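A.B. asks: Chain by chain, the residues:
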Amino acid sequence: MRLRIHENGIRTIVEESIQKSLTACLQCSKCGGGCAHVDEFDLSPRQVIEYLLDCLDEQVLDSRTIWLCGKNCTECEVICPVGLPLNGIMVTLREEATRRGVEPKYEQPSLIYHKFEHCSKHRREGEEG
Amino acid sequence: MLEQVKDWDDDFYERWKPIAMGFVNEAERCLQCGKCTGQCPAAAVTPGYNPRKLIRDLVDGNIKRILSSVELWQCFFCSGCYSTCPMDINFPFFIFMLRLGAMNEGYGWEDVKQLEAYAEKDYLKDGITVSIRERNPFVVDTVGDIGKIREAAGLPTKRVVSKRGVAEINMISDLSGMTSFMKKIGGVDLLDCNTCDDAQARRCKTKPLPSKVGKITTKTRFYNYGEPSGGKTNAKT
Amino acid sequence: MSKKTLVIGGGIAGITAAQKIAQNGGDVILIEKEDALGGNFAKLTYTFPVLGDAKALVSQEVQKVQTTPSIEILTNTTLTACQGSVGDFSVELKTLSGTRQEIVGAIIVAAGFHYMEPTAYTEYSYGRSPKVVTSLEFEKMAAENRLPQGNVRVVFVHCVGSRDKAKGYVYCSKICCSYSAKHAIMMKKANPQSKSYVFYIDIRALGKGYEEFIRSAMEEHNVRYIRGRVAKVLESEGKLLVRAEDSLMGNPVEVEADLVVLASAMEPPVGSRDLAAMLGIATDEYGFFQDVESNVRPCHSSKPGIFLAGSCTQPMEIASAVAMGGLSASEALAVTR
Amino acid sequence: MPRLDKVAQIPKPDKIFVFKSCVASNKYPGIEACSSDSLRILGIEPVDSDEQTCCGGFVTFANVAAPTASMPAVARNLSLAEEKGLDTCVVCNGCWTFLNEFGHFMNHNAEVKASVNMMLNMMGKEYKGTGSVYHIAEMYYRLKEELAENVKRPLKGIKVATHYGCHYLGGGKYTAIDDAQMPSYLEEIIEILGGEVVPYTANRECCGTGFTQVINGKDLSLEHTKTKLDSVKEADPDILVVQCPYCHSQLDRIQQQFNYRDEGDFQTPILHIAQLVGMGLGLDVAKLGFAAHVSGRARLENVLDRIGR
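Residue numbers (my numbering), protein chains in the order written: chain Y, 1 to 129; chain L, 130 to 366; chain R, 367 to 703; chain U, 704 to 1012.
Hints may contain errors.
[Stated by the list, open to error] These stretches of chain L come out as covered by chain R in the derived footprint (C-beta under 8 Å, 3 or more residues):
hint	stretch
1	163-172
2	179-186
3	207-216
[To be verified] Okay, the calculated beta carbon distance ranges per label pair:
hint	chain 1	residue 1	chain 2	residue 2	range
4	L	N299	U	G832	22 to 28 Å
5	U	E894	R	R466	51 to 57 Å
6	R	E651	Y	E95	47 to 53 Å
7	R	K574	U	E891	52 to 58 Å
8	L	D140	Y	K71	52 to 58 Å
9	L	D274	U	G967	24 to 30 Å
10	L	K312	U	R706	43 to 49 Å
11	U	E849	R	A402	26 to 32 Å
12	U	E849	R	A556	53 to 59 Å
13	R	D419	Y	V78	40 to 46 Å
14	L	E155	R	R466	49 to 55 Å
Calculated from the structure, these hints are not laboratory results. These numbers were taken from a predicted model, which means no experiment stands behind them. Heads up, the beta-carbon is just placed ideally off N, CA and C, and yes, glycines get one too.
Model the full structure from these sequences, guided by the hints.
C.D. replies: Below, the structure is given as structure tokens:
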């Protein structure tokens, strides 16, 4: 799905709270690679940041990651080569999600999460268009 | 989802190259620059479809993901990727060949079966793929009889391929293995909206996709490259 | 045996070579086909990775050669014939006032490079929309204070013409990553309201301080780097639509922009093959002058007595061109005395 | 910019084998009638054969068999023109791609050619690879001067937008007469006919047919066609000219479906370049076959009223 990139997402709120530009992210994937729980997230921390930059706010606030990540563990924050405070980012995102009334998603993902069945919606009229 | 290295088939691509008849052999060149996806009409309307990722997986040998994916069947064959590729990779041909590979593994037969009907009822019978039969009820109301329009334009009422032509097409089909291939899939009803009755119309609109095509069981395909919800809502802002 | 050296090209490499030879007691004829010295360097506004004033730096160097008595500067001059061998080349120079014969001991080729005109890349709308410019044109706009004002988005496109087998050159132009970062910073400094986007495939910052320079663009100047090659630039309702893939995410993206800057490839100087044929030296498949052994003798051409300097051998930044100018000067001195 | 060196290589023969397209014959007969008649007016005698079948590309793109199965069908169709010693002129981008591309493939792949000829020999035919394949739009562009001389019904004041279609320009990256990204030869033809060219943003977007996508992935196909049609509607041309009957059918028929579904009001007439040229050359209105058109017929009538019937 083609996205129109702009600058007015919650990115500005996050950047204000951490006092750092998110464009600093190297997208090196070290955070997700080192994370013990990334298998349970729908977005890796790196993806959260890229989504924020792309202004995909709804996807970020709807994701499980922001509710599961950045609780007690600081693994990603410690190994981040540019020192982005990922915990702070997640906290801000949780606050923003609560403010907007997004339901928290704590439940663990099921194994078939990524396996959506092929949609069988099928129309017959005018097959040749 | 965590991907295991053991999922990968390191020599698939090497094995596949000769099968692909020399049409496609330059996937290694890919720079992963994403120019193809940037202009792709299918990627613009589909969340998961991404030619770049398909090439990556092909070269990596992560072939299970490609073959069982719905995305493989979403290409528009517009050749835009080929025309824009800085490394001259002819990606549409990859799709042809990968689809054949997927069918070999038992995916996508329900799609092929619908098209096979055109081949059997029109291509082999009349020598013309898009026949005079109208399958669009709206158009039937609007346009009417094509034969009369043809006559008015000074053409014969019906375009007829000579018997010899049709026979030769059938012979080619037999010799190249197409007929036996189609027998394996089995026939399918092709309806003509001009002549169809109410019961037929109802059946036509509610018929679910088959799980078995001829003698072949078709497996369920998955959205392997992303979820079927995307940035649709954000795209407008 | 002549003690003179002919330097072809009055860019920074040629100027440096001429200066070094003169400093060590040699005589130099410096020819330049255009009417002023400075070459491509003189067309820039700032240098990188330190934002130095390019015009001041180059005029300082030009002044040095102009005031050195043992350097004879011939502008609007081209080489038309060359015979002989090392120590005894007889060359024919065509100046504005007529032709002129000279005997020289060594020749330094410092013909520079050319920015590719991306007219073949019609997908980028170059030449059709005035809002799509090359980096060189961007430099000019910056020098003349014509950069767009107000709340604008500027998109920088890497690898236009380079790393492209289909329509351009396979090689990497080496400096586009760094100068695009420089342009993004210049844009931000000239117009703090502007937003900059850079589309890249890899970031190749091969030099001291270059990585830090590009990181500063990202971190301090808030330039958004998106990994993906731009596929299309469309004109729509007075704006430009830039379409690409964010390949780290796998999403096709679109940016509405007011200015698109294409980092076009560095290509061999115009007529490099003719010049090489005249001098009897080899070129590579693209038309760059071929060194005889790139590891230990990077400035030796395939003919003894003819040396190479600067970006006529490969895409290169200013510092390397200066270093290579010095190296070829010392090689030329070794054969002329 | 058109590649003029390529255009100059196109011959101006006395006769040419006109390869009929399935969609053109059975859905939009005007294309078939206009292509032959317009070529005749421009001084090329169209030759026709009822032995010609579908180009054979269907077999490949529908995946009902490997490309090996459509190769002999392509070779057979090409050999019909070769027997007569003629070049082939096609009206459809799909036919052009398959005949051209597979012909090229066989010419450079002796093994495949031999096996294909083994089959053809059984029916007394042989594929030699001597003839060339030209798209009718290429021929019109080559016959620019003749076209300009013969305009009988100038399209004065008619706003025309263009849609080139993917398979001619994209598939023919190196063989088409124009650049794949920003082509302009159709615009030139329109100007010769006296029309006014209207630019629109989604000019180079795909029509949305996607070969089989319109049957198997209808939602995707419709979504894409909608973006295209929206952009066309914004520019509001009197006519959208295409050079492929398949694009023609998609853009024409899907408009009607959107109107039925209340997803917009689209009334842009779609014309094939052969019909547009036929219109300019003053062919009889019945020959243009507008009765087979689904969308925007009222506007077509209006256009005819303006330029004279």
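A.B. asks: Work down the list of hints and note, for each, if the structure agrees.
C.D. replies: Verification of the hints:
no.	hint	verdict
1	163-172	holds (count 8)
2	179-186	holds (count 3)
3	207-216	holds (count 4)
4	L:N299 <-> U:G832: 22 to 28 Å	holds, 25 Å
5	U:E894 <-> R:R466: 51 to 57 Å	holds, 53 Å
6	R:E651 <-> Y:E95: 47 to 53 Å	violated, 59 Å
7	R:K574 <-> U:E891: 52 to 58 Å	holds, 53 Å
8	L:D140 <-> Y:K71: 52 to 58 Å	violated, 43 Å
9	L:D274 <-> U:G967: 24 to 30 Å	holds, 29 Å
10	L:K312 <-> U:R706: 43 to 49 Å	holds, 46 Å
11	U:E849 <-> R:A402: 26 to 32 Å	violated, 53 Å
12	U:E849 <-> R:A556: 53 to 59 Å	holds, 55 Å
13	R:D419 <-> Y:V78: 40 to 46 Å	holds, 42 Å
14	L:E155 <-> R:R466: 49 to 55 Å	holds, 53 Å
Figure legend: structure checked against the earlier numbered hints; hints not met, in rising order: 6, 8, 11.
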